[in-house]
Amino acid sequence: MKAFEANDLPIIDGEVINDPAWKSILSASGFVQQSPDEGKSATEKTEVKIMFSNKNMYLAVICYHNDPENIMILDARRDSPLDDMDSFIFIIDTFNDNQNGYAFGTNAAGIEYDAQITKGGEGVSMSRRFSTGAVGGYNINWDASWSVKSLIGDFGWSAEFVIPLKTLRYSSKPDQLWGINFQRVISSNQEKAHWSQISRQFTVNRLISAGKLEGVKIPLSKSIKFIPYALGQVNSVNDSSKTNSNDNDLGFDGKVNLGSALTFDFTYNTDFAQAEADEQQINLDRFSLFFPEKRAFFLENAGLFSIGESTRGGSELSMFFSRRIGIDEIGQQIPITAGGRLTGTFSDMRVGLLSMSTKSEDFSIVRLKKEMPNRTFFGGMVTNLNDLSTSGYSNQVYALDGQLGIGEISQIDGFMAISKTPNLSNDKAYSYRLSASRSAQAVQTVMSYTEIGENFNPEMGFLKRSGGYRKWSGRIFTRLRPDNSFGVLEVRPHINYDGFWKLDGFHQSGRWHIDNHLQFRSGYEIHTGVNLTREGLTENFDIYPSKNITVPASTYDHVEAQLYFTTPSTDRISFSVMSYIGGFFGGDRIKSTPKIRMSFGDKFNSEFSYNYNQVKLPQGSFETYLSRARLTYAFSPSMYLQALLQYNNQSGVSSINWRFTIQQSAGSGLYLVYNQTEDYDGIPIESKSRSFILKYSQLFDLR
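Numbered according to our numbering, the sequence shown terminates at residue 707, and the numbering increases by one at each position without gaps.
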């Protein structure tokens, strides 16, 4: 595809077909299905046009549709998942290195959807929000300043994007070659298609599968952004002191582009009042819970600072976990005095520097990463924590990581690290991991080995299991697409194993997972599986302290059946449920997690979920349940009301988080937030805390 110079600037209103500025620009088309009929031409025509001015990248898309009344809009909020409705996404690899890039997208309602791509875009689904501490390559929490407008007509729908060049990091070469790809979802057909074909096992964010955009001739970009904020807050805490307080505060964030490849971010008296509250969790094992990062400052460029190991349930080990900064062990905010971060590319080396301070602690990171062709990189990172309240106390982690790409579908990756902590021996303060994987169209395989020394202590990171362990993991996952098989689109039989041993050889945990997924062309899915589990306890485990239920030290082997069912996610009302039944610590457990999502037009959507456990042990029986409701009303793509309502009977706490947002641009706007927690035992007993927050931030673009 060829980039064109913008001789006449388009009017950004979503009207593409009749805009004279687009008439002379050649288009890219010929999209190819990934699903349901892999390799066949898309059922509807899509045209994409691109041109550049000295300040902006302009992209126009025309999504033809033979039945425009069936164009589905399920959500009008920024960064809403786009795989469930009619949508368009494009990705750009501005350095053409198959390592780092950006994604921008919209739907027929004109929402803004953007993301950062790192590590080649591999390792995590696009529908998941990347969080610091995970190791995937798609960061949906990155928000940039740009605009898009959409239009629905009798032809289908169209959209126009304006991406300021100062939003992007790119090479200083006068004539550049970028990687680029486009994805269109047609919900009425359960169809997903791409301009540069993507095999079924990958997503559009996989940069090595992108096509090429030739003739990009753009100047170096410079930008200084300053975002001051003012905040008023009323707090009520119902503890022994019965305190009430009124707080007013001022602070600012800023961003300076140092050329087109480096960015310096700075912050003073940092505030995250507009961040969503944490989702409560049920904990029935003896290991640490992982709560993902939700604060925008730490989510931007999070992938650069990520070294560790993650699973579907979150992180098991991360050398840097940003929630260690400004959040205490029970989730309460600690004021951040100031901080700065430098990220980008310098002399063909990815660099990352971070320094943050609170009243009691200083945090710093140095990260270097050399990226090479074919998804290969080598890097190192140093983290340092200084405890200002304890004279001379500090903790450091020194880590190396790397990946070797073999062809387009195989790779070897790993890391090694050591920590230094006062009063802990350095002899066993180590960790390392080695993994090999191959992702062919029909069969995917992964094998890995991890070892953590008993004194390894990443105090700026996250370690789910302390005390040291060895872990073996393996996975064989197949994707089969039978012809004319009773409406079945894909069959996915697979087997996984994860086993943990203490360093003395004791088998702490093990799980064989044997499963098969049936995905139907209609969008329905059924998963059936069996789990063979082992849990080894070297000491008694207080599994439910409020009822004095303790599991004796022993080794427990069990069999567990699981069943998952979901209706099409493209429906306005969709339902899913995951259920387990089987042995559990010498007894039995039934677990069920139903979820229902409802969308009414493009304005209101809701999601209700329930996590239920019925546990019967020789030492006693108990039930846990966690109910959660998410409600959103979008007045427009930039103005919306959101609520997160939760109740957890294990902790006996209910919580409410209401947020009203009028977003002027990424990171700035008006925010009204109400938080409340209550002790609860069937009926409200006592309000523990309440807060009402009004925050306004304004973006000043100084260059």
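Don't read these hints as lab results, they were simulated from the structure.
Treat the hints with caution; some may be incorrect.
Pairs of lysine-lysine, PhoX-like flavour, derived with a Cα cap of 20 Å [claimed, not checked]: (1) K468 to K432; (2) K595 to K620; (3) K551 to K432; (4) K599 to K551; (5) K153 to K468; (6) K44 to K27; (7) K177 to K59; (8) K468 to K506; (9) K221 to K153; (10) K59 to K221; (11) K6 to K59; (12) K475 to K506; (13) K27 to K49; (14) K27 to K153; (15) K177 to K6; (16) K475 to K432.
With beta-carbon atoms standing in for the labels, derived distance ranges [stated by the list, open to error]: (17) I228 to Y501: 30 to 40 Å; (18) T571 to S176: 17 to 27 Å; (19) I15 to K221: 15 to 25 Å; (20) P486 to V534: 16 to 26 Å; (21) N520 to P232: 30 to 40 Å; (22) S176 to I600: 50 to 60 Å.
Being a predicted model, the structure only gives us computed values, none of them experimental.
For glycine and all other residues, C-beta sits at the position ideal for the given N, C-alpha and C.
Inset, instruction - Give me the numbers of the hints this structure contradicts, sorted from smallest to largest. - result: Violated: hints 3, 4, 5, 6, 9, 17, 18 and 21.
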